[in-house]
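> Start from the sequences and build out the full structure, keeping to the hints where you can.
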Amino acid sequence: MISQLTKTERETALFLTALLTLSGLTLGLLGRNDLLGYHGALLAVAGMSLTFLLIKDYYKPEPDPDNRAKYYDDPIKVGLVLALVWAVIGMIVGDWVAWLLVFPEATFDAGWASFGRLRPVHTSGVIFGFGGNALIATSFHVMQRTSRARLADNISPWVVVVGFNLFCLMAATGYLMGITASKEYAEPEWYADIFLTIIWVVYLVLYLRTLARREEPHIYVANWYYLSFVIVVAMLHILNNLAIPISLGHAKSYSLFSGVQDAMIQWWYGHNAVAFFLTTGFLGMMYYYLPKRAGRPIFSYRLSIISFWGIVFLYMWAGSHHLHYTALPHWVQTLGMTFSIMLLVPSWASAGNALLTLNGAWGKVRDDATLRFMMVAAVFYGLSTFEGSFMAIRPVNSLSHYTDWTVGHVHSGALGWVAMITFGSIYTLTPWIWRKERMYSNKLIELHFWLALVGTMIYVFAMWNSGIIQGLMWRAYNTDGTLAYSFIDSVAAMKPYYVARAIGGLMFLAGAIVCAYNVWKTAKLPTVTEYTPDKPPLPARGRPSAAAQAAE
Amino acid sequence: MLGKHAKLERTAIGFAIGIIIVASIGGLIEIAPLFTIDETVEEDPDMRVYTPLELAGRNIYIREGCYACHSQMIRTLQDEVERYGPYSLAVESQYDHPMLWGSKRTGPDLARLGGKYSDQWHVAHLLDPRSLVPQSVMPAYRWLARNDLDVSDMPLHLSAQKKVGVPYTDDMIANADEDAFGQANPDSEAADGFFERYGFEANARYFDGDRRKLTEMDALVAYLQSIGTLSEAASKNNEITKTIPDEGGAE
Amino acid sequence: MTIDHETLTAFAKTYGLIYMMIVFFGAVVYALWPSNQSKFDRAANSILEQDED
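Residue numbers (the working numbering), protein chains in the order written: chain A, 143 to 694; chain B, 994 to 1244; chain C, 202 to 254.
Because the hints were derived from the structure by calculation, they are not lab data. This one's a predicted model, so the numbers in the text were calculated from it and none came from an experiment. There may be inaccurate statements among the hints.
[What the hints assert, rightly or not] Not everything, but these chain C residues come out facing chain B in the computed CB check (under 10 Å):
hint, residue
1, ILE204
2, ASP205
3, HIS206
4, GLU207
5, LEU209
6, THR210
7, PHE212
8, ALA213
9, TYR216
10, GLY217
11, LEU218
12, MET221
13, VAL224
14, GLY227
15, ARG243
16, SER247
[Stated by the list, open to error] Below, computed lysine to any residue pairings styled on SDA-like, alpha-carbon distance capped at 20 Å:
hint, chain 1, residue 1, chain 2, residue 2
17, A, LYS149, A, LYS202
18, B, LYS1097, A, ILE630
19, B, LYS1155, A, PRO387
20, C, LYS240, A, ARG290
21, B, LYS1156, A, GLY391
22, C, LYS240, A, PHE441
23, B, LYS1097, A, LEU614
24, A, LYS637, A, ASN607
25, C, LYS214, B, PHE1028
26, B, LYS1156, A, LEU384
27, B, LYS1097, A, PHE603
28, A, LYS637, B, LYS1097
29, B, LYS1097, A, PRO638
30, A, LYS666, A, ILE611
31, A, LYS666, A, ASN607
32, C, LYS214, B, THR1033
33, B, LYS1097, A, ALA635
34, C, LYS240, A, LEU445
35, A, LYS637, A, ILE611
Cβ coordinates follow ideal geometry from the N, Cα and C atoms, glycine included.
Printed below as a string of structure tokens:
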């Protein structure tokens, strides 16, 4: 990796790792009497390890200048591998906490192993670790290919990949130690938030500079979706994390907002994180890899533009549907509900656009598990956006809110849509960037597909059942007008569903491990020199191609 | 006009900045009311602040992720009011930086927990939830009784709270560590200062039943006993109206 | 004039809404403008023609 950098770039990198080490040491020194000190040490150790790596290879020969005319794929490879590492970690922790609800004594009498501290490790691990790394890696690929231009420079991609993963590491280790701001999906404390903000600005600048170098006159629509992900996540992140630390030597901070205002800003963040992290980013992925894999252009390019603007505008106010019947002013709740229902239109436009792209290539969907991953993802996207709009209706929400139904809904989106489109994209992308003829094993992709699909179905059905039962038990009355069930009755009723959910999750985890193994083995396959990997693996207009036959 | 757009599109930076400006104007107009939404909150002149010990306990509640399974927000629904108590008002969490309304009830809502059970019940429940509630799926929190509570930083905590708008006095900030100790040791000298600053009605007890040391258990139980007791607005409101201001989901 | 909650809310509910509708309408017109069709077709097909390197 380092041998691909010029002397000047190696020096710039050394400067940056020295800066990282120094920041780590400063933070460690300031926070020496607090948990903050550990994160200072973490950054310092990371900085020193990177410095060591750079020094070790510093005198290696410089790269061939001709390489600079080619795409820069090293950061993509690292990002993809890290995405899979986080996927496995995040899902192991997720399934573990699912079992904790069945066996609540399995906490080894240790704080770090209790449900409340492990849960954010799961959510951050899969959303930011797996999802974030996958988005960063694929966006580096899409921005280069659709622009026909190399990444704007060779240092900032590494700043983004390394920095983002250090943020994820600080988040996960912080939760285990008890460092949390308690804002769901924005738990890391102030110093990690500042660190991420810097990384994110580098990411945005890199993206814009790469687009500015493009050969294509038109910016392909996938980039619009990726860009809105980068930009809006920055806005959300900064606003929701405004806080005052108790001192520069402490990890603890207090949110600038309180009560109803804090709740509204938190769920404005929370729901737009679903929109711009878990939706538009992955739609960007879908709008590139699905047409590429299917070998057919997107069904309606116009529709993809219209649904882009629809999503961007409508999501802004949808967040308050998380606060129905609470102390939030009534009109804000109504607005949230209305916008959430309208959101169904652009959401289904995107899902329909994806499925209609596959229309005429259903035979390929049947034979190619990778394409099937993407097809199922589009179906789940349609289903979970419908479910989301439905659950945002106030009377429905009165039943579903606070129950496992929400958890089921989130996972139908996260497993069915986000993870499936990512796995489909990873299987498409891996042979291309590692310059291989194909994935190591198509049988393993097939196995992964069925593990993922069955696992998701078990998970979602279990949570639908438990959530609706919970909601109904809480509001059930006896004929004499007294509540029919105590709360603990509803807890006891959940047990079989919690077991089923943990089994479904285990299957999904097994699939992710199969995927990681398959990618690892693919990277070890002999490299193909005279191969044009971006040639569509499926015939564009129903003609069987040599590549497609070879793949079978 | 369209030619211009195509030209705009060719310069990526201009295009992206255009998107940012256009979209964020709309976004900013739409979210601007959020920054004044605190003006809509009812007033309660008698509302008290968290004592230092309670605040320390609240931070333990946050640290252990209790909010992942317990809400503190009773909705305006008949069955919730009957199960948990008066529905929550915005004013009740006006000193909550951050709010802990929660989003999931794996366990019951806690908005009206303060005073509902004895300290002994809470200690026993946190040490071994299944000894009191056999079907509970809550983890045991035995380390809370083992860990000493570090109160040395409490003045910093109160000072930061004041910066974000909680009306602590300078006297309260300066003595926050002493007051935290005093509240859990009502027979000590430190307790006198605590009563002076926070009033006699404030709870001061040996929360964890152990007189020898100040533990995290003391703080968490003090916090749990304070939830819903900072303001009486909700119970007064409920006496007046008795009706739910919404059509509601339950009959 | 003081900027209070009422003012901001009223502004968001009227001009904010109109603004967003105009921008959205602009986006729809751009997407559906007949002469843009060829550009979009080219863009949609462009990703399929690319090679690596």
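> All the hints need checking, so say for each whether the structure fits it.
Each hint tested on the structure:
1. ILE204: 8 Å, holds
2. ASP205: Cβ of ASP205(C) sits 6 Å from chain B, so the hint holds.
3. HIS206: Holds, about 4 Å.
4. GLU207: At about 8 Å, which falls below the 10 Å cut-off, the nearest Cβ of chain B leaves the hint on GLU207(C) intact, so it holds.
5. LEU209: 5 Å, holds
6. THR210: 5 Å, holds
7. PHE212: 7 Å, holds
8. ALA213: For ALA213(C), the interface hint holds, since the closest Cβ of chain B sits about 5 Å away, which is under 10 Å.
9. TYR216: Hint holds; TYR216(C) Cβ to chain B Cβ min 7 Å, cut 10 Å.
10. GLY217: 4 Å, holds
11. LEU218: 9 Å, holds
12. MET221: Because about 5 Å separates MET221(C) from the closest Cβ in chain B, which is inside the 10 Å limit, the hint holds.
13. VAL224: Hint on VAL224(C): holds, closest Cβ of chain B at ~6 Å, below 10 Å.
14. GLY227: With a minimum Cβ separation of about 9 Å from chain B (threshold 10 Å), the hint on GLY227(C) holds.
15. ARG243: 12 Å, violated
16. SER247: Hint on SER247(C): violated, closest Cβ of chain B at ~14 Å, above 10 Å.
17. LYS149(A) x LYS202(A): 9 Å, holds
18. LYS1097(B) x ILE630(A): 15 Å, holds
19. LYS1155(B) x PRO387(A): 12 Å, holds
20. LYS240(C) x ARG290(A): 17 Å, holds
21. LYS1156(B) x GLY391(A): 17 Å, holds
22. LYS240(C) x PHE441(A): 15 Å, holds
23. LYS1097(B) x LEU614(A): Holds - the C-alpha atoms of LEU614(A) and LYS1097(B) are around 15 Å apart, at most 20 Å.
24. LYS637(A) x ASN607(A): 11 Å, holds
25. LYS214(C) x PHE1028(B): This hinted pair holds, its Cα atoms lying about 15 Å apart.
26. LYS1156(B) x LEU384(A): 13 Å, holds
27. LYS1097(B) x PHE603(A): 18 Å, holds
28. LYS637(A) x LYS1097(B): 17 Å, holds
29. LYS1097(B) x PRO638(A): 19 Å, holds
30. LYS666(A) x ILE611(A): 49 Å, violated
31. LYS666(A) x ASN607(A): Cα-Cα ~44 Å, so violated.
32. LYS214(C) x THR1033(B): 17 Å, holds
33. LYS1097(B) x ALA635(A): Between LYS1097(B) and ALA635(A) the Cα gap is close to 16 Å, so the pair holds against 20 Å.
34. LYS240(C) x LEU445(A): Holds, at about 14 Å.
35. LYS637(A) x ILE611(A): 12 Å, holds
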